[in-house]
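Novice: As a plain string of letters, each chain reads:
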Amino acid sequence: MAEPMKIRATLQGDVADVRVLMAHPMETGLRKDSAGKLVPLHFIQSITAQLNGKTVFAADVSQAVSRNPVFAFKVKGAKAGDKLSVTWQDNKGDKRTDEVVIRAGS
Amino acid sequence: MKRALVLGSLAVAWAAAAQTPDPTAAEFDKFREIMEQDNPAELFEVKGEELWRARRGPKNASLEQCDLGLGPGVVKGAYAQMPRYFADADRVMDAEARIVQCMITLQGFKYADLAKQPFSNADRTPDPVSLITYVAAQSRGMKVAAPQNHPKERAAYETGKAIFFYRAGAYDFSCASCHSVDDKRIRTQPLPNFTKPNQAIGAVQGWPGYRMTGGVMHSVQWRINDCFRQQRFPEPGYASETVSALLAYLTVNANGHVYRGPGIKR
Chain L
1440 MAEPMKIRAT
1450 LQGDVADVRV
1460 LMAHPMETGL
1470 RKDSAGKLVP
1480 LHFIQSITAQ
1490 LNGKTVFAAD
1500 VSQAVSRNPV
1510 FAFKVKGAKA
1520 GDKLSVTWQD
1530 NKGDKRTDEV
1540 VIRAGS
Chain P
496 MKRALVLGSL
506 AVAWAAAAQT
516 PDPTAAEFDK
526 FREIMEQDNP
536 AELFEVKGEE
546 LWRARRGPKN
556 ASLEQCDLGL
566 GPGVVKGAYA
576 QMPRYFADAD
586 RVMDAEARIV
596 QCMITLQGFK
606 YADLAKQPFS
616 NADRTPDPVS
626 LITYVAAQSR
636 GMKVAAPQNH
646 PKERAAYETG
656 KAIFFYRAGA
666 YDFSCASCHS
676 VDDKRIRTQP
686 LPNFTKPNQA
696 IGAVQGWPGY
706 RMTGGVMHSV
716 QWRINDCFRQ
726 QRFPEPGYAS
736 ETVSALLAYL
746 TVNANGHVYR
756 GPGIKR
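Sequences listed follow chains L and P, in order. Using our numbering, you'd call the opening residue of the first sequence number 1440 and step up by one each time. Using our numbering, you'd call the opening residue of the second sequence number 496 and step up by one each time.
Keep in mind that the hints were calculated from the coordinates and are not lab data. Some clues are possibly wrong.
[What the hints assert, rightly or not] Which residues of chain P face chain L? A few of them, derived with a C-beta cut under 7 Å, are:
id, residue
1, D533
2, P535
3, E537
4, L538
5, V541
6, G710
[Stated by the list, open to error] Computed list of chain L residues with no C-beta within reach of chain P, every gap over 12 Å:
id, residue
7, D1499
8, V1514
9, S1524
10, E1538
Virtual Cβ for every residue (Gly too), placed ideally from N, Cα, C.
Full structure from sequences and hints, please.
Specialist: So, in structure tokens, the structure goes:
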């Protein structure tokens, strides 16, 4: 079910600019399907990012966030070649982790 | 660099679309430019690439031998050079029609199954939509160059032109009613004049597109289908020659302009 994320992590000085695109339906629990029945709540609850295995970013997320969301944040003290992994977990226990290598900025 | 390109082509689009720049459209273009930096269409691009390489269907084959007009397996630049004539099918095909044909001939899928629910909704994105997003992305930054060499390609252009100007239906409407004069708009959306080359690119640019309303990925096939529906016309068959011909007319008119890849729609 969980589909790959698209992560971009580019260095600007010693700060990595991270942009994560996640594939998720993010159901609010308020939408009705074509049969008129409520589509059950299904949303990403938590997001964490790790730089070389150390947690640098953690967020609790609500169902108010859009479908296929984008998250952007900056990580201080990163170097080119560092490994950055991002994990999300949703309210159904579904999980996904993807990892990228931080690229030097242009 | 990328931003300069986007701005450059936006400026061209404005200059063409209206003498006096429409402030609402200008604001939306700004918004779209920001959204394009992280376009969820990329998620479908990744999924489409997986589907392209995966062995699937009754014949357990991948699409890697699919000929999109530049030889079997050549994806780069193919989208920008379609619709084109395909000898094996003996007709002009747009990119989606060709992908559907490859899924049938190479993988053994049935047309009836693919045409049953061909368009995306909130719950489901059909495989051809993800595939077309992948294929289209491989023509990012390339010039639109739909060929007009084969007699059937020229015939498709003429058929498409006839469809474009054909008035019918409950509203006595045609595509040309909205899209053959300058400076028309529908609500706040400026309407491009597809009979002019510098505006016809509007029919190609941004498709396939991720629609922010509802968060759904759509192909240009869906867009054409919806135009028919809005005109209260009978809807064309999925991946039919009607759609290919209309796309041939619109795309050839847009030849020479740079295609920016899968886009984002309001």
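Novice: It remains to establish, for every hint, whether it holds in the given structure.
Specialist: Comparing the hints with the structure gives:
no.	hint	result
1	D533	4 Å, holds
2	P535	4 Å, holds
3	E537	5 Å, holds
4	L538	4 Å, holds
5	V541	6 Å, holds
6	G710	3 Å, holds
7	D1499	21 Å, holds
8	V1514	17 Å, holds
9	S1524	17 Å, holds
10	E1538	15 Å, holds
Every hint, counting from the list given before, is met by this structure.
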